[in-house]
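Enquirer: Listed here are the chains, written in short residue letters.
Protein chains: 2
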Amino acid sequence: MSVSFYTEEIVKQVDKLMLDSLASGSSLYEAAKHTLLGGGKRLRPLILVSVSDSLGGKRESALHAGASVEMLHSFTLVHDDIMDQDHMRRGRPTVHVLWGTPMAILAGDLMHVKSYELMLRALKGKSAEVMSKVLSSLTNAVVVISEGQAMDMEFESRAEVTEEEYVKMISKKTAELFAVSAEIGGLLAEIDGQRISNLRDYGMNLGIAFQIADDILGLTADEKELGKPIYSDIREGKKTVLLIKALHSASEQQRKKMLKALGNRNCSREELEDAAKIVLELSLDYATMLAANYSTKALQSLEMAGLSGGPPLLFLRELPNYVVRRRK
Amino acid sequence: MSVSFYTEEIVKQVDKLMLDSLASGSSLYEAAKHTLLGGGKRLRPLILVSVSDSLGGKRESALHAGASVEMLHSFTLVHDDIMDQDHMRRGRPTVHVLWGTPMAILAGDLMHVKSYELMLRALKGKSAEVMSKVLSSLTNAVVVISEGQAMDMEFESRAEVTEEEYVKMISKKTAELFAVSAEIGGLLAEIDGQRISNLRDYGMNLGIAFQIADDILGLTADEKELGKPIYSDIREGKKTVLLIKALHSASEQQRKKMLKALGNRNCSREELEDAAKIVLELSLDYATMLAANYSTKALQSLEMAGLSGGPPLLFLRELPNYVVRRRK
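Taken in order, these protein sequences are the chains called A and B. According to my numbering, the first sequence is numbered sequentially starting from 26. According to my numbering, the second sequence is numbered sequentially starting from 26.
Please note that a few of the clues may not be correct.
For chains that are exact copies, the list does not tell them apart, and a pair is met inside one copy or across any two.
Cut-off 30 Å, straight-line C-alpha distance, at most; resulting in silico cross-link-like pairs (DSS-like, lysine-lysine) [as the list claims (entries may be wrong)]:
hint, residue 1, residue 2
1, K37, K285
2, K282, K151
3, K83, K151
4, K270, K83
5, K193, K83
6, K270, K322
7, K83, K158
8, K158, K58
9, K302, K281
10, K302, K158
11, K83, K281
12, K158, K353
13, K285, K41
14, K322, K151
15, K83, K149
16, K158, K249
17, K41, K249
No lab work stands behind these hints: they were computed from the structure.
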C-alpha cells in the first residue's frame, strides 16, 4: 500500500505490545505466542489506530487498544482451528497440532483475557463513560463472534443455507470485529454517536467484503502464498456465498459432482478440484461483484464519518479496495 | 448451614442473573447453560455478596458481580472437562460429551465473555477507579487461573512434584477466584487497601483449604453424592497433595502398586482401589490437617478485615469450617 511508511510503524508497535503481554518462558505462553509470530496483516489494529489518529486521539492508548483487538482475533483463530480441525495457518502448523488440543484451548483462553488486559491499559486515565462504552463494545463483539462461529458450524450440516443467512453469519463471525475496531478508534477519541455509527458501518461493510474475498481466495489463491490449504471450505462443508450461489444455479450433473466433495473430509484431490472448478465457474463473477459492492458501501460510510486527511485517512480509504484485491 | 435463609435467596438471584444472561434458544446457549443447571454450591458469589453486604455495599451490584465470578468459574469447568477428558460433572454428562468438543469450546468462550458482561453491569454508575480495579482483578484472575491449569496439566507428566509446587498450583487454579471474589466484594463497597488485602487472604486460604478437601473427597466421597467418578485424579495422574505425600512415604511395594494406577487411563477398578487405599493410608491424616490449617488461617484473615456482624459475617465465618467438612 502507498501508505506503508505509516502502517509499518503501527504494526511494529502493536506486535511489540502483544508479545510483551505474553512474555514468559512457559509452554502456555509459547503456545499463545505461536499464532502471533506467524505474521498476519494486522488490519484490525491498523483500522483502530488510523481512526484514532485521524481524530487526534492519543496514540499510546490506540496502540494498546489495537493490540487488544488483534489479540482477540488471534484467540478466535486458535479456537476456530481446533473446531474446524485445520492443521495449517499462515504457513505454519496450528497451535493444537504442535501443543495438543488441551494446551491450545488454554492458550486461546489466555489470549482472550489478555485482550481485556491490553484494553484496560488502553483505558487508563479515561472517564468511566468511555471505559464503559469501549469495554461493552469489546464484550458484545465476543458474544456476537461466538454466535457467528456457532452459525458457521451449524451451516456445515445443513443442506440449504440462503445468501442472507450467509451474510448474517459473516457479519457476526468476521465483520463485527472490524466494526468494533473502527468504533473503538472513535470512542477513544470521544467523538459523537452519529459518527461512531458511521465508523461502525465502515468496519462492518469492510469486514463483509473482506470475508467474501477470503472465501474467493480459499478457492483461487496460490496455496503457498495463502499459507493454508485451498479448497478446505469445500472439504469442511462450509457454506460460503460461492457455494450457495453455485448450488443454486447448478445443473443436476454439476450439483452431483459438487455434493461428492462437499463436507467430505475423505474425498480425493481430484474430486475436490473438480468441485472447485464448477463452483468458480458458477459463482466467481457474482461473488466478486458482491464483495465490490460492500467495499463501495464501506467507502461511503467512511466519507460520512468526516475524518481529517493525511496518512491515516489515506490508509482507511485504500483499505476497501485492498481487501477485495489482495492475493492472500 | 445455619444461615441458609440468608444464602438461599442470594443463590436464587445469582442463578437467575446467570440464566437470563444466557437466554436464547440456540444450541450454543443451551450448551452454555448446561453446567449452570447442574447445580453447584455457588460459594464464590456467596462470598462476594456476603462481603459486600456486611460492608453495606449495594446489593444489586454485588449480585451481578457474584453472577460474573460464578459464570467465570463455570467457563473454566467446561474447558477443564475437555482438557481432562472428564465425562461426568455434578451428576450429569459434561458439555463436550453432550454437544461435542467444538461446541463445548465455544460455549466456554461465551461464558468467559458473559462473565465480563455481568461484571460491566455490576459496575454501572461506579467511578473509573473502581471500574478499573475490579476489572483488573477479574482479568488478572483469569490469567492466573490459566497458568494454574497449565501447571496442573504439566504435573501430570512429571514424576516428582513437591508439596510447595502443589500449593502454588492450587493457589492459582482454584484459590485465586475465591480471593478475587472476596476482594471484589470489598472493592464494590469501596473500603481501603489493607482491608482488601485481608479479604484476599481470607479467600486465598479458604480456596486452598477447599481444594485440599476436594482432593480428599476425590478419594473418599460417595460417588453418587459427589456427582463424578472418584479416583479419577489417580487415573489422570493428578499430583494432589495426597499423592505427593503418599509417594514420599511409601515402601517399595506400596510405591509399585500406586504407580501401576497413576496416570493409567486403562487400569482396572481393582488396581485403582488398591492404589487409592494405599494413598489414603499414607496421607489422609496429613491432608486433613493441612486443610484445617488453611481453614484456620482463613478465619484469622477474616477477623482482621473488620466486617460488621449479622448473617453475612456468620456465613463467612462458617465457610472455612464447612469447606473442610463437606461431603460433596
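Enquirer: None of the hints should be skipped; say for each whether it holds.
Expert: Results for each hint:
no.	hint	result
1	K37 with K285	neither (45 Å within a copy, 52 Å between copies)
2	K282 with K151	neither (58 Å within a copy, 61 Å between copies)
3	K83 with K151	both (11 Å within a copy, 24 Å between copies)
4	K270 with K83	neither (45 Å within a copy, 55 Å between copies)
5	K193 with K83	neither (34 Å within a copy, 40 Å between copies)
6	K270 with K322	within (22 Å within a copy, 67 Å between copies)
7	K83 with K158	both (17 Å within a copy, 22 Å between copies)
8	K158 with K58	both (29 Å within a copy, 27 Å between copies)
9	K302 with K281	within (13 Å within a copy, 62 Å between copies)
10	K302 with K158	neither (47 Å within a copy, 56 Å between copies)
11	K83 with K281	neither (57 Å within a copy, 64 Å between copies)
12	K158 with K353	neither (34 Å within a copy, 42 Å between copies)
13	K285 with K41	neither (46 Å within a copy, 47 Å between copies)
14	K322 with K151	neither (32 Å within a copy, 39 Å between copies)
15	K83 with K149	both (11 Å within a copy, 25 Å between copies)
16	K158 with K249	neither (41 Å within a copy, 46 Å between copies)
17	K41 with K249	within (27 Å within a copy, 51 Å between copies)
Checked against the numbered hints given earlier, this structure breaks hints 1, 2, 4, 5, 10, 11, 12, 13, 14 and 16; the rest are met.
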